[in-house]
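Residues per chain are reported as follows:
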Amino acid sequence: MSGFRKGIEETIPALRRYARALTHDRETADDLVQDTLVRALRSEHLFHGGELRSWLYTILTNLNRNRLRSLARRPTLTLLKEDDAADASSPESGARDIERALAGLTEEQRSVLLLIVLEGLSYREVADVHGVPIGTVMSRLARARAHIKAHLDGTRVALRRVK
Amino acid sequence: MIEPRAHVTEDELHAYVDGELAADRQPAIEAWLDAHPDDAAQVAAWRAHAAAVRARYGAVADESVPDRLTLKKLMPQRWLRVAAAAAVVFAFIGGGAGGWFARGASETMPTARARVTQDALEAHTIYVVEVRHPVEVAGSDRDHLVSWLSKRLGHTVRLPDLSGIGLKLVGGRLLPGPDTPAAFFMYEGASGERFTLYVAPLKAAQTSLRYAARDKLGSFFWVDQGLSYVVIGTPDRGRLQDVAEAIYAQIDGEPLRKHAALD
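Protein chains in written order, with our numbering: chain C, 1 to 163; chain X, 1001 to 1263.
It cannot be assumed that every hint is accurate.
[As the list claims (entries may be wrong)] For lysine-lysine, the following DSS-like pairs were computed, each having C-alpha atoms within a straight-line distance of at most 25 Å: (1) X:K1073 to X:K1203; (2) X:K1216 to X:K1203; (3) X:K1168 to X:K1216; (4) X:K1072 to C:K6; (5) X:K1151 to X:K1216; (6) C:K6 to X:K1073.
Bear in mind the hints are in silico, worked out from the structure with no lab data behind them.
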């Protein structure tokens, strides 16, 4: 197998992780990964060296942006499941809190934060993936973190009030 | 004690958390955090967020990859051979489509036809089964679809209206194509049968409609004024020919020019 295809194959688990966190939906995430892989494989002749992993993250990020744009044209509601939210002390409550906090971010903020803290990309690589200067990456990251903090603090405040 | 620089910026605190800080700045930030509990709490919170994200999603990478996402599924063997052949050709010519076409189109025609048809078949096979997003731009956005793809192909793309033969436009998408970007349109009949039209620039002489059948699919290929067309769908040749001729008639209706107006 060529180095190109081997490189793609080795990145699939990480792409699935990123897509799952980005969309919070298993099917949608795997659809995105599939489209990313199909595109990458068909574009092998367009890939002129460089960071294969960053290139794949770029394709996936762009596909997700396209997906959200087309969703925006026909309004759809995606709600996180609330049915089992009653037991806030269960071990999963922390996981649900972070899911909701992520869901409240803009698409760009969520992607920047996930690429850095979950996928371990450098600021420079994230700037390349998003096609923006590093300063823009920094401001998106700062806003993402501020929003998450506000969301989690708000959740805690709400829980205290309930008690 | 290290005298903290007057301004430790928020950017530096992020960089500190994300391991992006220059090593020589590290002690200054740590001293600053010792002296500024609010900032230290901020940094601790960011670390906790990152840990929560990793705790929630980190294990996804350890799941076994579903079958549909394996390269074996995504790259049928026949396509591998075409890709390998293409790679050899590209290496030999030493660069892109310009070089390819500069060699004279007529002698490359059989290969070019095979490549275009293969690409169209692959696209058909991949996207025709898609329920959720078979196209990038929906058929309701027809004008946008035509202007976008015309611009990307550098040719005026004509989008036939097949409602007269009972087919509705689902929409279209841009494909990388074997050599140049290609436009891809999908039509759907009332019973769900789908036909696709693939359009890619190809410098070759005009041809008539040519039929080929493969993998339980039928295809018609032709070249007209710098664009190659592939219509793919049912192996029922009569039915497919009706569709292909309807498309051919509409595209042939007006002279095509090299596209310039939209650039």
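Results for each hint:
{"no.": "1", "hint": "X:K1073 to X:K1203", "in the structure": "violated (33 Å)"}
{"no.": "2", "hint": "X:K1216 to X:K1203", "in the structure": "violated (29 Å)"}
{"no.": "3", "hint": "X:K1168 to X:K1216", "in the structure": "holds (23 Å)"}
{"no.": "4", "hint": "X:K1072 to C:K6", "in the structure": "holds (12 Å)"}
{"no.": "5", "hint": "X:K1151 to X:K1216", "in the structure": "violated (34 Å)"}
{"no.": "6", "hint": "C:K6 to X:K1073", "in the structure": "holds (15 Å)"}
In summary, the structure is inconsistent with hints 1, 2, 5 from the numbered list given earlier, while agreeing with the others.
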